[in-house]
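S.K.: As given, the protein sequences belong to chains A and B, one line each in that order. FYI, this note's numbering numbers position 52 of the first sequence as 52, with every residue one higher than the one before it. FYI, this note's numbering numbers position 113 of the second sequence as 113, with every residue one higher than the one before it.
In short, the hints are calculated from the structure, not lab data. Be a bit skeptical, because a hint or two may be false.
[Said to hold, decoys possible] Short, incomplete list of chain B residues facing chain A, as computed with Cβ under 8 Å:
#1 L27
#2 K33
#3 V38
#4 M47
[Stated by the list, open to error] On the chain B side, residues computed to face chain A include the following (Cβ under 10 Å):
#5 W13
#6 T18
#7 A19
#8 C21
#9 A29
#10 T34
#11 T105
#12 V108
#13 V174
#14 D196
[Said to hold, decoys possible] Every beta carbon over 10 Å from chain B, so not counted as near; a handful from chain A, in silico:
#15 I2
#16 L9
#17 G12
#18 V16
#19 A48
#20 G49
#21 A71
#22 G81
#23 D83
#24 A91
#25 F97
#26 D118
We put the CB at the ideal spot given by N, CA and C, even for glycine.
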Amino acid sequence: MIWLPFGGLVIGFLTVYWMPTRIPSAFAPYLSVATLAGLDSIFGGIRAGIEGKFHDDIFITGFAMNAILAAALVYLGVQIGADLYLAAVVALGGRVFLNLSLIRRYWLTQTSLRRRRDAS
Amino acid sequence: MSTISPTSRSSSWVFQVTALCIVLGMLLALSFKTQRQVIKEGMPDRMDALRAAFMMTKQDNQRLQRDLARTKARYERMAAQQASGIRSARGLEQALTEAKLLAGTVAVRGPGVVVTIHDSPKLDPSETRKDVIENYLAHDYDIQNVTNELFGAGAEAISINGQRLVANSSIRCVGAAVMVNSVRIAPPFIIKAIGDPSALEKALTTPGGAADGLILLDMIEIKKSNSITVPAYTGSSPIFRSQPVTSPSGKSR
């Protein structure tokens, strides 16, 4: 069950990788922050799912808003000549790490609980 | 309400995360491809620039090596002269001749090109617009461009209608005529240049070069020749204010 997201990742990756689609290289920074926004949403979603606080509306709008905001920051940065996309990278990257650490913590407490239950 | 185990609860969120994972995978793949494209696009520019820089360095190197060989030969010669005790007159005379050649105070002969610039025969006689007629006439800047190009291509001596170009020559427009070295000359302008004939010709006939517009309007003829005589500079040399500066190396000599 938990492997399903990874399977989806691989499927999505391979689909586009084998397709001949190309986009202008000027969009590369937009694409990278959009990717980061997606990464943030997925880890946030997994964490919320484990905590039992998952709401699909928050999940989807979170991804959309983060992606749009990050892209807007990149655009603004290009216009005024400042590397504003770094702000998006730092904020989203920090959240990815935070969510990852929380997921790891939940997973560890869960396994230790089960082990104790099995022992008793 | 169980809050810890993901499998005990309704796991619809796993499907939603999976759906977004598919999207993320697509984004990742697209990012990968785009980034690779960016790198590939960046490469050829650098290659071209490097190639050009390499060629230039190579040419510089060859030229410097030739210079070195020449200087070495000269040094050997001078050393030999000094050794045999004939140091005085001949070396000095040679230096003087070189200086004269450079200054343009002696007539010189050698291979080169004869360039004739005249007004364009393509001008429609019924044309009355002054600014259009201007374009068909030979101007001072045409001569400037051509002589500049010739010097750039390695011309050693240039004269225009018998006026030798020297270090402080000027080519100016004075009404209907052109003034070179403060002497009025009129078209056709015959420019004699001594140098490598084919190199000089190529410098002028290069597309987009200095003489491109002149060729288009039939205003220029270029003739290569094995023997051209360029006269000496005959004007006065108005050097009043310049004093030679004694360099440290000059002092020790």
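S.K.: Each hint needs a verdict: does it hold in this structure or not?
M.R.: Do the hints match the structure? See the list:
Given hint, L27/B at the interface with chain A, holds; its Cβ is 4 Å from that chain's nearest Cβ, closer than 8 Å. Given hint, K33/B at the interface with chain A, holds; its Cβ is 7 Å from that chain's nearest Cβ, closer than 8 Å. Hint status for V38/B relative to chain A: holds, with the closest Cβ pair at about 4 Å, below 8 Å. Interface restraint check: M47/B against chain A, minimum CB-CB distance 18 Å, threshold 8 Å, status violated.
Proximity of W13/B to chain A holds as hinted, the smallest CB-CB distance being about 4 Å (cut-off 10 Å). Here the hint on T18/B is kept, as its CB sits about 4 Å from the closest CB of chain A, short of 10 Å. Interface restraint check for A19/B: the shortest CB-CB distance to chain A comes to about 7 Å, inside 10 Å, so the restraint holds. Contact between C21/B and chain A, as hinted, is supported at the beta carbon level, the nearest pair being about 4 Å apart and thus within 10 Å.
Checking A29/B against chain A by beta carbon gives a least distance of about 4 Å; that is within 10 Å, so the hint holds. Of the supplied interface hints, the one on T34/B holds, with its beta-carbon coming within about 5 Å of a beta-carbon of chain A, less than 10 Å. Restraint check, T105/B versus chain A: the minimum CB separation of about 58 Å is more than 10 Å; hint violated. Using the Cβ-Cβ criterion of 10 Å, the hint placing V108/B at the interface with chain A is not satisfied: the shortest such distance is roughly 58 Å.
Contact between V174/B and chain A, as hinted, is not supported at the beta carbon level, the nearest pair being about 51 Å apart and thus beyond 10 Å. Restraint check, D196/B versus chain A: the minimum CB separation of about 46 Å is more than 10 Å; hint violated. Non-interface status of I2/A relative to chain B is broken: a Cβ of that chain comes within 10 Å, the nearest being about 7 Å off. Chain B draws L9/A into its interface by the beta-carbon criterion, the shortest separation being 4 Å against a cut-off of 10 Å.
Residue placement check: G12/A does not keep its beta carbon more than 10 Å from all beta carbons of chain B (closest about 3 Å). A Cβ of chain B approaches the Cβ of V16/A within 10 Å, the least distance being about 4 Å, so the stated non-interface status is violated. Once the 10 Å rule is applied to beta carbons, A48/A is inconsistent with being away from chain B; the minimum gap is 7 Å. The claim that G49/A lies off the interface is violated: its Cβ sits roughly 4 Å from the closest Cβ of chain B, which falls inside the 10 Å cut-off.
Here A71/A stays apart from chain B, with its beta-carbon at least about 12 Å from theirs, past the 10 Å limit. Listed as outside the interface, G81/A is consistent with that label: its C-beta sits roughly 19 Å from the nearest C-beta of chain B, beyond the 10 Å cut-off. Distance check for D83/A against chain B: the nearest CB is about 16 Å away, which clears 10 Å, and the non-interface claim stands. No beta-carbon of chain B is positioned within 10 Å of the beta-carbon of A91/A; the least distance is around 18 Å.
A cut-off of 10 Å between C-beta atoms confirms that F97/A is not in contact with chain B; the least separation is 17 Å. Look at D118/A: its CB is around 15 Å from the nearest CB on chain B, clear of 10 Å, so calling it non-interface holds up.
The earlier numbered hints that this structure contradicts are 4, 11, 12, 13, 14, 15, 16, 17, 18, 19 and 20.
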